[in-house]
Structures are given as C-alpha cells and as structure tokens.
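Enquirer: Chain A is fixed; fit chain B onto it per the hints.
If you read the protein sequences in the order shown, they are chains A and B.
All residue numbers for the first sequence refer to this note's numbering, where the first residue is 1 and numbers rise by one.
All residue numbers for the second sequence refer to this note's numbering, where the first residue is 1001 and numbers rise by one.
Be aware that one or more of the hints could be misleading.
What the hints assert, rightly or not - Quick look at which bits of chain B chain A covers, simulated, 3 or more residues with Cβ under 8 Å:
1) 1067-1079
2) 1159-1168
3) 1178-1189
4) 1197-1203
Stated by the list, open to error - Straight line, CA to CA, 16 Å or less: simulated EDC-like cross-link-like pairs of lysine to aspartate or glutamate:
5) A:349 <-> B:1214
6) A:349 <-> B:1220
7) B:1113 <-> A:191
8) B:1113 <-> A:202
9) B:1222 <-> A:348
10) A:293 <-> A:244
11) B:1073 <-> A:202
Hints in this document: simulated from the structure, not taken from any laboratory.
Backbone N, C-alpha and C fix where the C-beta goes; we use that ideal spot for every residue, glycine too.
Here is how the chains run, residue by residue.
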Amino acid sequence: MEALNLLMHGFQTAFTLNNLLFCLIGVTVGQFIGVLPGLGPVAGMAILIPLTYGLEPTTAIIMLSGIFYAAMYGGTITSVLINTPGESASTITCLDGYQMARQGRAGAALGIAAIGSFVGGVVALVCLTFLGPPIAKFAVRFGPPEFFAIMSFGLLLIVGLMGKSIAKGMIAAVFGILLSLIGMDPATGTDRFTFGQLWLLDGVEFVVLAMGIFGISEILVNAEKNMDIPVPPKVKGFIPKRSEWGISAKAIGRGTVIGMVLGLIPGASASVASLMAYSTEKKVSKHPEQFGKGAIEGVAAPETANNAFSGAAMIPLLTLGIPSSPTVAMLIGAFTMHGLVPGPLLYEKNPTFLWGLIASMFIGNVVLLVMNLPMANMWAKVARIPYKLLGPLIILICMVGVYSVNRMIPEIALLTLFGVVGYFMKKLEIPGAAVILAFILGNNLEYTLIQTLSMSNNGLLYLFQRPISGVMMGLCILILIGSIVSSVMKKRDKLAADQEV
Amino acid sequence: MNMRKGSRIAMVLATLLALTALLPQAVFAQDYPKRPITAIVAFGAGGGTDLAARIILKFAEKYIGGIFVVENKPGAGGALGFTAIAQAKPDGYTIGMINPPSVLFNPIQLGDKVKYKLSDFALIANFVSDPGAIMVSYDSKFKTLPEVVAWAKANPGKLRIGYGGPGTQEALTLRKWIADNDLKVLKVPFEGTGTNLTALLGGNTEVMFANASEIMPQYEAKQIRVLAVGTEKRFSWMPEVPTFKEGGFNATQMAMRGLAAPKGIDPANLKKLADAMKKTFDDPEFQAKAKEVNLPLDYQGPEQFLKTLQTLDVFYRAEYAANPW
Chain A
1 MEALNLLMHG FQTAFTLNNL LFCLIGVTVG QFIGVLPGLG PVAGMAILIP
51 LTYGLEPTTA IIMLSGIFYA AMYGGTITSV LINTPGESAS TITCLDGYQM
101 ARQGRAGAAL GIAAIGSFVG GVVALVCLTF LGPPIAKFAV RFGPPEFFAI
151 MSFGLLLIVG LMGKSIAKGM IAAVFGILLS LIGMDPATGT DRFTFGQLWL
201 LDGVEFVVLA MGIFGISEIL VNAEKNMDIP VPPKVKGFIP KRSEWGISAK
251 AIGRGTVIGM VLGLIPGASA SVASLMAYST EKKVSKHPEQ FGKGAIEGVA
301 APETANNAFS GAAMIPLLTL GIPSSPTVAM LIGAFTMHGL VPGPLLYEKN
351 PTFLWGLIAS MFIGNVVLLV MNLPMANMWA KVARIPYKLL GPLIILICMV
401 GVYSVNRMIP EIALLTLFGV VGYFMKKLEI PGAAVILAFI LGNNLEYTLI
451 QTLSMSNNGL LYLFQRPISG VMMGLCILIL IGSIVSSVMK KRDKLAADQE
501 V
Chain B
1001 MNMRKGSRIA MVLATLLALT ALLPQAVFAQ DYPKRPITAI VAFGAGGGTD
1051 LAARIILKFA EKYIGGIFVV ENKPGAGGAL GFTAIAQAKP DGYTIGMINP
1101 PSVLFNPIQL GDKVKYKLSD FALIANFVSD PGAIMVSYDS KFKTLPEVVA
1151 WAKANPGKLR IGYGGPGTQE ALTLRKWIAD NDLKVLKVPF EGTGTNLTAL
1201 LGGNTEVMFA NASEIMPQYE AKQIRVLAVG TEKRFSWMPE VPTFKEGGFN
1251 ATQMAMRGLA APKGIDPANL KKLADAMKKT FDDPEFQAKA KEVNLPLDYQ
1301 GPEQFLKTLQ TLDVFYRAEY AANPW
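For reference, chain B alone in the conformation it holds in the complex:
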C-alpha cells in the first residue's frame, strides 16, 4: 500500500518535473530572451514609478515574447536603483526604469557619491512625460498666473507656495519663477503631494507646485484650478489650461519615466527591446489602462530619448553650477 502510494507520488513528481522542463522552452523558443528579464525599479513597491513599470512591462511581455520580473530597489531618491541598472551585467537580462530628471539630478547634486552617469545607460524608450503644474484651490481669488504674480508683487513676503522641497524639479521651476518675476514669497516644503494638497485646500497655502498626474482627481472634481502646465504645447488632458509660456513664464517642466539598459548591451537585443516597447506603446489596451491610472503618455524612441536627456543634462549642470536648488 505504502509502496504504491509512494510510487504514485513519484510518478506525479516526475510528470511535473518534465512539464517544468518543457515550459521555458515553449515560452522562449528564440535567441533572446531565453529567460525572465529583471526590471529594476528605483522606488518602492506601490509608488507611482512602480505602478507605471508594472503596467508597461505587463503589456510588453506579449511583444518581447518573454517575462519581466520587477525588482524594487528604493533608496537615496532613486540613486541606489539607478546605480544598480547602470552597473548591471549588460547581457540584456537586467533593465530598469529611469526617471528623468531625477536620474540626471543625482550625479549633479550628490557628486562623487553617485557611481553612474548618463552615458552608462543604453536607452530603450520613454513612456511617460508628466508635466509640472501650478495650481490654486478652486475658490481662490486667482484665476490666471499673471494675477498671482501681480498680487505677489503688491504683497511681498505674503504669498505662501507649497512645493516638493529642495532638490526637486519643482524647486528649480519655482526658483526660476521667483527670479524671473523678482518676487518675495514664502516657500513651504512638503513631502508628497497629499499633504501639500491638504494645506492648499485647507487654506494654509495659496499656490501649489506639483505634477499634473498627481492632482487629476482633484482637478476633475473641481477642487483645484490649474493655472498653468509645464508642457511645450497645450496638455491634452487639460486643454483649457495655458502652458507656463502662455502664462508669461518662460519654462517647461516634465517628469519623465522610461526604460534603459546598462551600456554594452548587444545592439540586436537592445533593438528587440526597443521595438517591443514601441509596439506596447501603440497597443490601444495599454493606452486605455494608462489613462485609467493617470499616466500621461509620451513615447520617445532610443535616439530621441537620448537627445532629450543630453540637452536636459547640459541645462541642469549649468543651472546647478550657477546656483544649486
């Protein structure tokens, strides 16, 4: 009895083993990828970048013909994760999400402590460009950006502005806005959009700087009024909102999210990845999902993405050299 039971279990196990041995071959009947590709996310599970990465990669599996495994490596404003991507073995089985401009800021702001630079990455694609936005509460007396400037000029040291704190992209935008208009305002740092929003809605600040995707629910619920967005042309999600430039503020602000591999990756594999990402981006189901979770999409292929980042890198280095933010 025992013997028979034992041998039956052995049979089942053997069958299972045989099946698992077959499985990878069935899935990866090609040169690349032959095994799952690790995708490093430099921020914690459940955050915005993580969410974006998981959605993009899930759709991309169909087009690459393989599996992506997300590995969160948070810490030091993304610097740890970005370093891990740059220093990974360039065999095509480790890629990662990079977040410009943070990925550019880290080597500039932290100097030698950060062990990677832009040229350490082989860029695959950019997926998301989330414009910066300047907003007030819906019942605010301010209806346009020039009105805010005029009021701040007339009342120096009175206007309270909530922003993401020093070192962030918003800090740079805010600094430029203050310098351009020669204003005296109170800058109030907030950790995360949530508390910043509470302060704005509670009347503890008058103006808030944040990214557009994070305030979509409040924008749609007419709790806040967006005065200007940091796009080059009008932002498709908020067509009636003027750009910074239309509002008399000569700047743009975009938080991007894209994919990169460590440099030295086989160009054929890089092309495979880039092609798969382009197809993912064009997938209508993916586009619908992205809209649902408030991801402002913006595709840039490897060359264009690199050009964008190089231009930004030069700009930020000059800004930082002139005056750190």
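The following block holds chain A by itself, in its conformation from the complex:
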C-alpha cells in the first residue's frame, strides 16, 4: 500500500502544469516519431535529448520517456494503413493489420491495437509500481562486484542476441567500450586517448555519439531509399465485431505477459516481444490459416506486447540502472545528463522524481489512447511528409542540438564522423545499438571493476567469491559459450530476425 501512497504523491508531481505540458509534448513527439517511417524511437530520442537541457530534470525525463512509449503507439498506424512500419516493433503488425485495412476494417485494427497498447502499457506500469520498491530495496545491498557482474551479464546478453553474428556484435561492443575509455582514467587520473585535447578529458559526449550513430546515419541510409509513401485509406469505426472481442481479450492478455517478461530481460527488444507475441498467437489459434489474411489477434497481441515491453523495461532501468534495450540506453544517457543516477538509490534519493515519472507514464498512456483513436487519420497524413524536407531538417536539429550541449565546435565534427561511421556500420550490419549500450555501460563497468579490484587483494577471483556476482559471472560464461556454439551451428537467425540496429 505504501507504493500506492507514493504513486499518489507522484501524481501530484505529474499534474503540475509544466510536467503535464511536457508529458503531452513528449507523447505527441513520440507518436510523431513512431508514425514517421524513417525515424525510430532511438534516433528520435537521441535527437531530442539536447533540447531538454534547460528543463528541470523531472520534466525532461518525463518528456523523453513519453517519446519512448508513445512511439510504440504511433508505429501501428502506418503499419496498418500503408503497410509501412513506423518503427521496427510494429513490423509484424503489417501482416494482419494491412490486410484488415484492405478489407475496409482499418478502424477496427487501429482500435484494438490502441486498446491493447493501453492495457499492456498500464499493466506493466502497475507492476513497476509494486515490484520496483522491493527490487530496489534488495539491490541497495549490491556492491561494486554485483553491479559489475550484472552489467557484464546484460551487455553479453545484448551482444549475444543482437544482430546476425556474434562476431559483429562483439566488434560493436568492443568499439563502444573503447570509445568509453576516452578521457580520464578513473584509477590513476591520467588522460587517455585525448590527443592533448582538453575537451576530451571528460570523455566523448553521449549525445554526440548517439546522434551520429543513430540520427545522422539513419538519414544517410534513408537518402538512398525511395521514401515515397502511398496515400492512406480513410479510417472509420474503431469498434471490432462483437465476435472478435473474446479472442482479442485473450490475445491482449498473452501479449501483455510476453511483453513484460521480455522487458525485464536485457538484450531483448520491443521487436522481439511483438514477434514472439505474434507467433504465440498463431500457435494457440484454432484457425492459424487466418493469420496473414486479417486476423484481429495478429494485430492485438504484438501491439500489446511492444507496449508492455516498454513499460516493463523501466523496471531494470529504475531499480538497477541496467538498460534492457537501446531505447532505454538513451534514457540512461538522459538521466546522467540531468545529474540523476539510475539505480536503486533513486528510490531513496529522488522519490519525487521517480514517482512523478511513473505517474506521468500512466497519464501519458491515457493521452495516447485518446490521441490514437479519433485522430488516426491525421497521423496517417503525417507519415507523408516528404523526406527531402524531413531529412535535412533532422540533420540541422542534430547539429544545433550537439552544439547546444557544450558549445564546442569540435563536437559537431565528431558528430559528423560518428554519422559516417554509423552509416558504414549499417551497411556492414554491425549493430549500432550495441555500440551505444557498451558505451553507456563502459564507464560504469570500468569503475565497478576498479572498485572490485581495489576492494580486495584477490584480484578477479573476488568476483566469483561473492554469491550473487559469482552466479552472474557463471551465467556470463555460459552465454558466451552458448552464443559461440549457436553461431557455429548457424542457428541464430530465429532470435536475430529483426532488430533495430
């Protein structure tokens, strides 16, 4: 009940005019990004983080989280109406959603998707409300060795699951960690890889890397593609047929569970969640032949799952400070930028912020439900903004955004460099997300490792002598062996099917 009380206090924070306004701005922008086919939530957040600089930390994070979960709603609209996923987690929705639209039932598809998204998102938030405090209380006892082990575990899972080959994932992760080494050595205070440049002493700015790898490179890749979008059909009538309610409710239930479980696992992504929800539905269905021809559960389940995922992904972020997906890594970057340390201490040190954020997500989900149902037609039009306008505009926003952070011209050059690197990484199918995640975790990995080593005289052996870190390190070794074996046996395609890289 204490959690409920705290949540009520959170609503007090969230309902201040400023926070409410920025929650609204966040979800609107998120919806917009979700709808735009060329721009996913990771790139969108990377671009927008610097714009939150002048805001209060609470307001800024409320807005950025809004982008994160709203994009999951927005992506559905284009999947259903024009067979183009607005972001990768809605790819699978195209299969049945677009078919429904062709049968003139676009309204019903969008209606069930919005309802499912709402249910999935809210249930995950309820879990966050009640599961968060006990996990955080437990995790406060964790010392550097435990955090080192958990982070290594998370990073390995991410690298292991992401992309088509473990070698490429490793290349990306090592590149990310190398970048995180730039700057002052935490153990000795010596400067590393700074080439005598004072501005590199604090390391590479996260925003510069994220915008380059995700923002600029995305524009470059899209510039090669034909980004013309067909005219969407008109949408009317959001209520599914009476006979479909029962099936949909069950699909939404299963989608919620699948999305939530995957949200808790580092390395899974919203796309994997929706993919798994879809295939589960197909398996349990009495009429699997209907899938791909406009089955409503084929829309309900994945759309629910990707929203439940984004809600549940907040649990490891807020309680342990571990990013479970690239989008969450962006949020960690934003946390750090605003002087907040994601992790168990948030519950003790920044309760107003924490519960305000959670409450704002409840509000945001309600706003999105309203925004999606009656306004679907308008959003579909947004997707048709010509890319030749949007692309240059985004590049401009990136450059101005990077400059606004530290007012350093060299960082704009660095942004361009990372953009080009990101472009070639996309071409070579090296997962950029792994670079970002490794970079975000790199600094903490190094710190906790140094702390671990300086806490005992046993060296690395100490990691295995403490029960929790020992188990985690054991699991790390298992994952490493597992992924190497599976890639040797060439059985990776299933998990790596579609990742936002």
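Expert: The following block gives chain B in isolation, referenced to the frame of chain A:
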C-alpha cells in the same frame, strides 16, 4: 477588412516594440550594469555548482540592479569553464563561478594544457565553504576517528575506504591521513557521492570521504555517522562532530564556491559587484534558501578570498611537487 486587421496588428507590434525599447532603460538607468551580465558556470546544469550559482545570482539581481544570465560551460573538470572566465573580455559583463580548490588544481595537475592561472582572475566574493567529512555507516563499530586508525593499524590492508578518485581534494586528504598514520588500507574510487554512499550503506566499504553538504540528508536521517569534518573550528551544521584536528588528524579540507571576473575589469565595477554580493550574502531570505538546499555559507570579500587562494595555491603546488595525488 484585411487592411484594417493588418493595420491593427501593426499597431500592436509598434506598441510592443516601443515597450521593449523602453524596458532596458527602465531597468538599467545607471552606468553599470547597462545590460545583462553573463555568469559562466564550469559545470553542467542541474549540478551542485549550477544550483548554488543560480540561487546566489537570483538574489544578487536585486542588489546589482541588473540581470544575470547563467551560461553552463562544462568539461575537463571545470577547466574549460574556468578558462572561459579568465579569458573573457574584462568589461564587467562576463563573470563566473570558480570552485577552489578545483580551480587551483587544474593548472597544477594539467600543466600547459590549462590556459589560465590564479592571477588571471579578479575575485569578487566567496560564498560557500563545504567541509570535507570522514564518515561511517550509523551502525558501524567505529565511533571516533582514532578508533578507525587503531583498527586499520591492527588489520593492515583490510580497511576499505570509498573516496572521489584520484586528483580530487579528497584524494589529497586521504593520502595525508594514510601517510600521517602510516596505514595500509584499500582505497576504492567512486564517481559521485551517490554510488559511494550506496557502497558504504551496503557494507561494501567501511569508511567514506566526501563533502559534508552532500551527505546532510543521510546524516540527519541517522544513516551515517560523521567522525570528523575538515573545518578549522566546529562546523555549525554538525556541532557535535569533532574537527579533523580534534580527531588527531592535522589537516583541513574545504570545497569553496565563489565568484570571479577576468582581471582587468574596471575597479569601480568590481567594487559594485563585490558590494552587491556582500548585500546578497547578508540577505536573510538568501540565507534561509541556502540552508534549505544545503549550502554551507562562508563569506569572504575580495581581499580575504584572494589571500586564502594564494595560500592554498602555494600549499598545493608544494604538495604536488613532492608527490602528485
């Protein structure tokens, strides 16, 4: 219709323009300041220094009769921002927050890479002196600093101490403490007080070195016990806590925050700024606000501030020459 609407808009615009033209004159009907004064903060928005700067400057606007605009210029442990202050045009419209001893450490530790020195600043006032503190968790077996020393002596290489990492002021204090008592301990570096505190409360370290203002909530909630503080006399916020010297450790440790202008500023303007800051400091509303956000206040006027910093600079240079920390 359109014409009339258009002309009405033009009217409104003209009125607005006229008003904005009047505004600065109304506010700045004096020699200095005639326009907003930029205040450079060498650390990111939302951090401790930024918060302190924004509070001080907000109260100071009343006394200077002008407006301050905070500009964050973080990077390289403050070195970039401090350089920007030192190299700004000394016309009185750019000042900045300086954080001794970091502002002194940078030229010593980074050598030629840092393009400013103490004499490049015209000091305005010091506002904050945040003492260093040595602490343990509240249920720790240690109740006094000498007990910790005794235990560390009896158990060499066992005592785990969390501190802010190499190069920091705490590192210097810790080094002196270890050398004075001839101890063998495990030094564990932490980035930020938050993670350091987690480790202390979680029993992963036994002792923690940090600044007093950062641990006030935990001190008041009796989660930690402060064994000693780095003030010269007893620290008013923790009157029952002995000083380092009372605890048998002959040292002081203060993290200061003050305002400075680039050298070459018109002495009349400097005096105006210094007077305004003194009045700000004496404002009871400001003092209440500072207490609320845990800013340990300590006013030093231009001359005294300079003397303090010169003494510290000599001391740190000698320490660094003997052995970098």
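Enquirer: For each hint given before, does the structure comply? Return the numbers of the non-compliant ones in rising order.
Expert: Every hint satisfied by this model.
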